[in-house]
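K.L.:
Chain by chain, the residues:
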Amino acid sequence: MNKKRNAILTIISILLLALFLVYANNFLDIYVVRILNVCAIYTILGLSLNLVNGFTGLFSLGHAGFMAVGAYTTALLTMSPAVKKQIFYMAPLIKPLDAITLPFPAALIAGGVLAALAAYIIGAPTLRLKGDYLAIATLGFGEIIRVIFTNTQNITNGALGLKGIPATTNLWWSFGTAAFTLVVLMSLINSSYGRALKAIREDEIAAESMGVSLFFHKNLSFIIGAFFAGIGGGLLGNLLGTIDPKQFNFLFTFNILLIVVLGGMGSFTGTIISAFIITIANEVLRFLDESIDLGFIVFNGKLGLRAVVFSALLMVVVLFYSQGLMGTSEFSWDRLFDKSRWGRIFQRKPLEKGGTDQ
Amino acid sequence: MTLDWLLQHLFNGMTLNMFLQHLLNGISLGSLYALIAIGYTMVYGILRLINFAHGDIFMTATYFAFFGVVTFGMPWYVAFPIVLVMTGLLGMLVEAAAYRPLRDAPKISILISSIGASFLLENLATVIFGGVPRPFPTPEIFTGVVTLGNGLMVQKLIFYIPAVTLVFLVALLYLINKTKTGMAMRAVSKDHETAKVMGINVNRTISLTFGIGSMLAAVGGIMWGMKYPQIAPLMGVIPGLKCFIAAVIGGIGDIKGAVLGGFILGIGEIMLVAFLPNLTGYRDAFAFVLLIVILLCKPTGIVGEKIAEKV
Numbered sequence: 001m002n003k004k005r006n007a008i009l010t011i012i013s014i015l016l017l018a019l020f021l022v023y024a025n026n027f028l029d030i031y032v033v034r035i036l037n038v039c040a041i042y043t044i045l046g047l048s049l050n051l052v053n054g055f056t057g058l059f060s061l062g063h064a065g066f067m068a069v070g071a072y073t074t075a076l077l078t079m080s081p082a083v084k085k086q087i088f089y090m091a092p093l094i095k096p097l098d099a100i101t102l103p104f105p106a107a108l109i110a111g112g113v114l115a116a117l118a119a120y121i122i123g124a125p126t127l128r129l130k131g132d133y134l135a136i137a138t139l140g141f142g143e144i145i146r147v148i149f150t151n152t153q154n155i156t157n158g159a160l161g162l163k164g165i166p167a168t169t170n171l172w173w174s175f176g177t178a179a180f181t182l183v184v185l186m187s188l189i190n191s192s193y194g195r196a197l198k199a200i201r202e203d204e205i206a207a208e209s210m211g212v213s214l215f216f217h218k219n220l221s222f223i224i225g226a227f228f229a230g231i232g233g234g235l236l237g238n239l240l241g242t243i244d245p246k247q248f249n250f251l252f253t254f255n256i257l258l259i260v261v262l263g264g265m266g267s268f269t270g271t272i273i274s275a276f277i278i279t280i281a282n283e284v285l286r287f288l289d290e291s292i293d294l295g296f297i298v299f300n301g302k303l304g305l306r307a308v309v310f311s312a313l314l315m316v317v318v319l320f321y322s323q324g325l326m327g328t329s330e331f332s333w334d335r336l337f338d339k340s341r342w343g344r345i346f347q348r349k350p351l352e353k354g355g356t357d358q
Numbered sequence: 001m002t003l004d005w006l007l008q009h010l011f012n013g014m015t016l017n018m019f020l021q022h023l024l025n026g027i028s029l030g031s032l033y034a035l036i037a038i039g040y041t042m043v044y045g046i047l048r049l050i051n052f053a054h055g056d057i058f059m060t061a062t063y064f065a066f067f068g069v070v071t072f073g074m075p076w077y078v079a080f081p082i083v084l085v086m087t088g089l090l091g092m093l094v095e096a097a098a099y100r101p102l103r104d105a106p107k108i109s110i111l112i113s114s115i116g117a118s119f120l121l122e123n124l125a126t127v128i129f130g131g132v133p134r135p136f137p138t139p140e141i142f143t144g145v146v147t148l149g150n151g152l153m154v155q156k157l158i159f160y161i162p163a164v165t166l167v168f169l170v171a172l173l174y175l176i177n178k179t180k181t182g183m184a185m186r187a188v189s190k191d192h193e194t195a196k197v198m199g200i201n202v203n204r205t206i207s208l209t210f211g212i213g214s215m216l217a218a219v220g221g222i223m224w225g226m227k228y229p230q231i232a233p234l235m236g237v238i239p240g241l242k243c244f245i246a247a248v249i250g251g252i253g254d255i256k257g258a259v260l261g262g263f264i265l266g267i268g269e270i271m272l273v274a275f276l277p278n279l280t281g282y283r284d285a286f287a288f289v290l291l292i293v294i295l296l297c298k299p300t301g302i303v304g305e306k307i308a309e310k311v
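Chains X and H supply the protein sequences, listed in that same order. With this note's numbering applied, the first sequence has no gaps in its numbers, which climb one by one up to 358 at the end. With this note's numbering applied, the second sequence has no gaps in its numbers, which climb one by one up to 311 at the end.
Just to be clear, a hint being listed does not mean it is correct.
[Unchecked claim] List of simulated lysine to aspartate or glutamate pairs, EDC-like, C-alpha gap at most 16 Å:
#	chain 1	residue 1	chain 2	residue 2
1	H	Lys107	X	Asp203
2	X	Lys302	X	Asp289
3	X	Lys3	X	Asp334
4	X	Lys198	X	Glu208
5	X	Lys3	X	Asp338
6	H	Lys107	X	Glu204
7	X	Lys130	X	Asp203
8	X	Lys4	X	Asp334
9	X	Lys85	X	Asp98
10	X	Lys246	H	Asp284
11	X	Lys130	X	Asp244
12	H	Lys107	X	Glu202
Calculated from the structure, these hints are not laboratory results.
This is chain X alone, in the form it adopts within the complex:
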């Protein structure tokens, strides 16, 4: 009975989402559509970081590096030879790349695969490290990728970056990929692999003594996370139209980390909600950085004020709501229709403590 109801509700909500996308595509202005695209892309990036940080407990700070790999690969494979010739005026693009143009999906997957490959190379040595050592080593690798991209003039065009990337990313691509990411990661988490990952998060030594291979599972999580980060980066590059190495600095990782922490480390639902909240807040709070003349009152914004709000938000979440929006729980129809639960919430009685303190 419940199963049937849930299936129907799921189908209805997917249809509603699709209807909304059709509406957005046709009637909303470009600015709003762009924000929606960014929301979906940040969802992908947040989900992939949550797999590594939230579900496996590996505190990785090198996500921006994998996004950069994906973004550059996708961009270079989708740009037309003429555009490439035009922008690579400092040093010509190396041989096979300058003539290749692939269809968008193939280029996206190539970006994801290369990012995963980078993660494999990086993960093999660093995943032996723990806690803050791992954080600083992955952060270091993210920086190294950025430094390499700044210096390889004949592949990435160095500090000049890439311009004139075809704007192939639209709502269907971004939301479709986000949904695909969610389905893949959910099924991973609900499989025996997922349980192994959570076991590693709870207690590495206990997991290992139960026969969970730490090296294999950590690598698995890291590589899958990087694959989707690469795909997210590819979508972002082909949405923005221009990319340069500076874009993929630590600040970018920080934004994604903020999404994961706000949503709850270990909850995909939370990540999706907070990806939308953060991206939209980023636009809504834009006035903080600029001065607005409302006619009767002039609001004096100051450059950087928005960033202050976001960093303060991160601290408030960590200090006072360390579980984030969702903790480690996920959305489900059964939970939504659980009357006794709503009763408890409205009577302000504490819920039983769910999940872990991670």
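With chain X fixed as given, assemble chain H onto it according to the hints.
P.N.:
Coordinates of chain H only, in the frame set by chain X:
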């Protein structure tokens, strides 16, 4: 075959004088790294935690010095001690706001909180001080060049920096090894609970550790400002990361290790650029590559001892 000859023939005509110049540069950069790395290592020793905000405390110190000297027109010998005190207080404030409430929280939360504190300081600095780089007001007494015996001309600062570092290092080692406060710090870094039982005020000791580490960062910041006379809100990020790496290379938690790591990193970086000019663009990656090599070969650093994991 002299060293001079070797250098000339192996490294595109580098003369002994040039080599000495690079070496002196490396030593002074290494001293700066060492001063900042000590702050990381002290905090790590006592809390087992990377203080991500340390690089930004270092940045704020340069701004304090700027405002003391330029805005309030204080002479340097008045301004700089005030800067040290204020930076120390800032370090204690950061500890009280971002670390103390999370004393018993999982490590990952504290790490995120410290990243948040770091970004908050950077962004506040951008809003309050402005994002445009400002010139650092180097007092006249610290400027100028000297000519050494063989015609080598170097900045006077290159000698001042290691000298000042040495003075503060001796003072710090005295404080830690010979005073009661230092004994309390060592006790807390070994075991919080036992230290508490012995009547040590753990929170006060941790706060003091942050204060002292931040003061040393301020010393480093002031001299950094004199050496690279431009200050900006994001100037602390890269030195901060590098100095953490220096602390890890030497063996984190150990002050002598931090100094050793600082010198290895400083001299190594300058020499990399001097001997292999093609790799200049990769200068900032050098530290990270070194870090990964060290972590793989000797994860506890050069002087660090191996700690067995308790189950």
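K.L.:
Compare the structure with each hint and give your call.
P.N.:
Verification of the supplied hints:
Of the pairs offered as hints, the one joining Lys107/H and Asp203/X holds, with about 13 Å between alpha carbons and a cut-off of 16 Å not exceeded. The suggested pairing of Lys302/X with Asp289/X holds, with an alpha-carbon distance near 5 Å, which does not exceed 16 Å. With a CA separation close to 9 Å, the supplied pair Lys3/X and Asp334/X stays within the 16 Å bound. Of the supplied pair hints, the one linking Lys198/X and Glu208/X holds, its CA atoms being roughly 12 Å apart against a limit of 16 Å.
Straight-line distance between C-alpha atoms of Lys3/X and Asp338/X comes to about 14 Å, which keeps the hinted pair within the 16 Å bound. For a cut-off of 16 Å, the pair hint linking Lys107/H to Glu204/X stands: about 15 Å separates their Cα positions. Our distance criterion of 16 Å between C-alpha atoms is met by Lys130/X and Asp203/X, whose separation comes to about 12 Å. This hinted pair checks out: Lys4/X and Asp334/X have alpha carbons roughly 12 Å apart, not beyond 16 Å.
Proximity of Lys85/X to Asp98/X is assessed by CA-CA distance (about 7 Å); at most 16 Å being required, the pair is judged to hold. For the proposed pair Lys246/X and Asp284/H, the alpha carbon gap of about 14 Å is at most 16 Å, so the pair holds. The straight-line distance between the Cα atoms of Lys130/X and Asp244/X is roughly 31 Å, outside the 16 Å bound, and the hint therefore fails. For the given pair, Lys107/H sits about 13 Å from Glu202/X by alpha-carbon distance, which is consistent with the 16 Å threshold.
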